[in-house]
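Asker: Build the full structure now, drawing on both the sequences and the hints.
As given, the protein sequences belong to chains V and B, one line each in that order. Residue 53 in my numbering sits at position 53 of the first sequence, with consecutive numbering throughout. Position in the second sequence counted from 1, then plus 1000, gives you my numbering.
None of these hints come from the bench; they were simulated from the model. Just so you know, nobody snuck in bad clues.
Derived SDA-like pairs (lysine to any residue); straight-line CA-CA distance at most 20 Å:
1. K1077(B) to L71(V)
2. K69(V) to E1085(B)
3. K1075(B) to H87(V)
4. K1136(B) to P1206(B)
5. K69(V) to G1072(B)
6. K69(V) to N1117(B)
7. K69(V) to H1120(B)
8. K112(V) to D86(V)
9. K69(V) to H1144(B)
10. K69(V) to G1111(B)
11. K69(V) to P1113(B)
12. K69(V) to D1124(B)
13. K69(V) to I1040(B)
14. K69(V) to V1051(B)
15. K1077(B) to P1123(B)
16. K1077(B) to V84(V)
17. K1075(B) to V84(V)
18. K69(V) to S1115(B)
19. K1136(B) to D1202(B)
20. K69(V) to W1116(B)
21. K112(V) to G1076(B)
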Amino acid sequence: MSDERHAGGEQDGKGAFRRDRQELWRRLIEHASEAGPPEEWEGIGRRDFMKLVGASVALAGCSREPVGKLLPYTVRPVGVTPGVPDHFATAMAIDGRAVGLIVESHEGRPTKIEGNPAHPASLGAAGVFEQAAVLQLYDPSRAGALRMRGRDASWESFCAAFSQPRTDGGEGLRFLLPPDT
Amino acid sequence: MPALFPRWSDTAFRIGLGAVAVSLLVLVVGPMIYVRTPYITGQFFAFDQPVQFDHRHHVQDDGIDCRFCHDGVDKGKRAGVPPTERCMGCHAQVWRSSVMLEPLRRSFYSGQPISWNRVHQLPDFVYFDHSIHVAKGVGCASCHGRVDEMAVVYQSAPLTMGWCLACHRSPEANLRPRAEITNMEWRQTDPAQGRELAREYDVRPPTNCTGCHR
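Answerer: The following block contains the structure:
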């Protein structure tokens, strides 16, 4: 059961995913060794380097703290006191079983997941998958919009690309989905 | 044989040694004094704010309690700044068409927060909690000064480690009954009162490093 989660790429066809990855690495390394170190680096000798380090250390001590900001809510949600975290009891399905969890939330952003001490199976313990699930709930660096070849794209372009019948029989099409129960 | 050095060379040598010693001392002590100047601690520095909010009018003239606006102060770490809707609770009625309140209305209708500049800011490696201080009888005025007389809030205390510790070592002079926490004019009448309160509230502030650097 739990093997499914780790198996990942090797399962598709005859290890095509793995070969792609090796190819990618080979090309990356080749590219890096051809290019050599960036040009500018060669201009800075040991003495210049020491000078720069010295100057930056000296300057670091002289500057004022940058001005911070206080950003209050415009309309504060009921039950939220800024600065006081909330704790919510919830559950998560892992390998077909529900694990009781407590999620710490700061102004609506989940920051930490721990086991629920009242749950008979975990008694308050939480494993790596439970702990890591916090990024599934909230991750500021997660894409907020549709992207195509690394650029933001619109739903219209998505529909345009996927509404016609495919002629290649689904070649190159991949779905990334969380493990399902 | 004539002397190799003239008579005054000893004196010159001593003066030179002295100068070296003094400049070394200045090199060490100078920065120590410099980091404690208001320029670095941010004391007395008045910030421009997006809305010209004036504590004198709201606290003195209108008699609003600090905790009506800074309502996190007795609940947790942060005193907090009130949400726009709370300002609008009054300003939908009073001064409703004033140009000074234009940013307030814009924030309320657009849902974009007012971006106030922080006046008080401790470094991230310091743990500070308002609620414990308020619960043990340390008033706002002891740390923030006469906010009710400030047209623009400024930092009246240096907020250095030495300042925190000075009070933590002997807090008695800065204690007041809990009912007077937000009173800007309250003064202790005699030192016995402070000792009495310290006993009553069981005041034991941390002076070990891990109390504030967790």
